[in-house]
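> Residues per chain are reported as follows:
2 protein chains.
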Amino acid sequence: MAGGIGSRFWPMSRNYYPKQFHDVLGMGKTMLQQTAERYATICPDENIYVVTNRDYYALVKKQLPMLSDEQILLEPVGRNTAPCVAYAAAKIYSRNPNANLIVAPSDHVILKEEEFRNVIRRGLEATAAKDILMTLGIRPSRPDTGYGYIQFNDGVGDLRKVKTFTEKPHLELAKKFIESGEFVWNSGIFLWSAKSVLAAIEKLLPELHEIFEEGKDKWYTEDEKAFINSAYAQCKNISIDYGIMEKSENVYVMLSEFGWSDLGTWKSLYDISDKDSKGNVLDGNIMIYDTTNSIVKTTSKDKLIVVHGLDNFIIAESDDVIMICPKDEEQRVKDFVADAKAAKDKRFM
Amino acid sequence: MAGGIGSRFWPMSRNYYPKQFHDVLGMGKTMLQQTAERYATICPDENIYVVTNRDYYALVKKQLPMLSDEQILLEPVGRNTAPCVAYAAAKIYSRNPNANLIVAPSDHVILKEEEFRNVIRRGLEATAAKDILMTLGIRPSRPDTGYGYIQFNDGVGDLRKVKTFTEKPHLELAKKFIESGEFVWNSGIFLWSAKSVLAAIEKLLPELHEIFEEGKDKWYTEDEKAFINSAYAQCKNISIDYGIMEKSENVYVMLSEFGWSDLGTWKSLYDISDKDSKGNVLDGNIMIYDTTNSIVKTTSKDKLIVVHGLDNFIIAESDDVIMICPKDEEQRVKDFVADAKAAKDKRFM
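Those sequence lines, one after another, are chains A and B.
This note's numbering applies: residue 8 is where the first sequence begins, and numbers increase by one.
This note's numbering applies: residue 8 is where the second sequence begins, and numbers increase by one.
Simulated from the structure, these hints should not be mistaken for laboratory data.
Incorrect hints may appear among the rest.
When chains are identical, the list treats them as one kind, so a pair holds in a single copy or across two.
For lysine-lysine, the following DSS-like pairs were computed, each having C-alpha atoms within a straight-line distance of at most 25 Å [as the list claims (entries may be wrong)]: (1) K334 - K285; (2) K348 - K334; (3) K285 - K348; (4) K348 - K308.
So that you can see chain A by itself, here it is in the shape it has in the complex (with noise of 0.2 Å):
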């Protein structure tokens, strides 16, 4: 899945150029690109599908060349994860019916690279042997109040029958969670059979179903895409955790730990990046004076940013916008964003 826009991580993930598709770390690859090098390890590129908006078709084509246009799955409009899952599994199961599928988002950070692949190794064997729709649960490592959290049901092994879904936690209840030792974060990575997510799809969200029950004879045609346009214009705005995960009686979380960061905010990337001795994450040409527990970041190499006397600021510098917001109210950076596109014109979302 790389459709989103990343609005969080604004001004540095835009409307024309979202996160997914940039090098965020600064390793030398996008996000897109270590999702897609993450899953190479795991299967044939030619099993590997990418579902973006189709404003976004070049910007897959140059990263991820290996994939051939079938591979590309181009959505008119963004109509949230649960037509995405409904639209991928349909055509796959086309061509398989018994496949399996892992959904993951494709930015993401993922450090243990090789507990992943075991994770993923024993979730797929027990999605093609049951009936089942599992999600992979992250054990936390803090009261975080951004995340999804999943209670899971007593008993043994790391494979698990889910309990509750709670988004967004407020604190004191993030707490509780935390405490109770029976929760985990929602990773957003999904493991089942195209089967099985089918039938979940027919069985509780019947009209997403009918839609792309229609295209059933279209893909990997020419027809695909003409069809697809008129699938999403009849689609209704649902995630997939609120329209399956949170019904099904049949869902299973995968208690897992492999370095998991959804990368969702700016402070999400300062938690994960080395700092210097002072708190800093610090990206770019930068100069700091008294400065402290900061995240400064330009995606230009020729930029200067030269920062005196902040503690705990997001100061992010992207082509033409600069953002500096104290770290703690990142949750404004949506407000930015809203009151720029009510403000100003459209160049800056």
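Mind docking chain B on chain A? Use the hints.
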């Protein structure tokens, strides 16, 4: 005088594009153009001479197209104000031995233009009649530690003999100066006859006198440029204040009040600019949140700056440099420039 590089105004003022060539106040005209217009109400255009570094010839020509090349005096290297004054005075004297001169920086703000013209008119009457060296003194409104202070003698009227010069006093001393009522700020605007200043240079800076005496048959000829290039190689770096004004007997100050600012620093720009209800000075595409008493300025119309949660800061963006600095620590700007020069390459100077 338009040869300075305005390093206290970095990053807006740059080696390749100093402050006087910018529309610092956002008035649609650069500081140099505003200065030229001010004097064009006092003398004919052909009597306006600009002394600048030869690197800025093209900028001066573009901004003041009414000036002939004879009126643009190009220094091969900056040597402070004494050589600049000696050059211009000698050249103008060769054409008109009775010339009265106003020597003025090109980057000052003068709000009360009519009062300024009154002061100049009365000043020129005095310098035409008597062999005196005059500086314009500004009645101080606060104990500013960034200015030079002039103590004047008892007497009547606005034209007073100078008792002492004190450059940039400590705060306590500045407060005492103000309380005494015997001090004014030194504006750095000088009035004198060409004859008087040349006589003072001959007496107090004999080496400088000799250097420019050699040029007396070169002014307004093709040889002037080559002569000046070799003359400046021999000049010491010395200010007209230190070399002449502090040592002459016939130095007077005109006590004045015409809404003056030397606009030397970010804080002085902040002080003189209109503020919003939260005490912010904003110039450019700026969005602010919970930000007070700050100055945010970008020289580009194509950039957006978003600032959240700052009080009493300077945020300045120009070309390829972004600077964030507490307003009360703007003296550090010189360090930033020096450090950038040492650590990075010269493109950021």
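> So, for every hint listed, does it hold in this structure?
Hints, one by one, checked against the model:
1. K334 - K285: both (15 Å within a copy, 23 Å between copies)
2. K348 - K334: Within. Shortest intra-copy distance 22 Å satisfies the 25 Å Cα cut-off; inter-copy 30 Å does not.
3. K285 - K348: between (35 Å within a copy, 24 Å between copies)
4. K348 - K308: between (27 Å within a copy, 17 Å between copies)
Of the hints listed earlier, there is not a single one the structure fails to meet.
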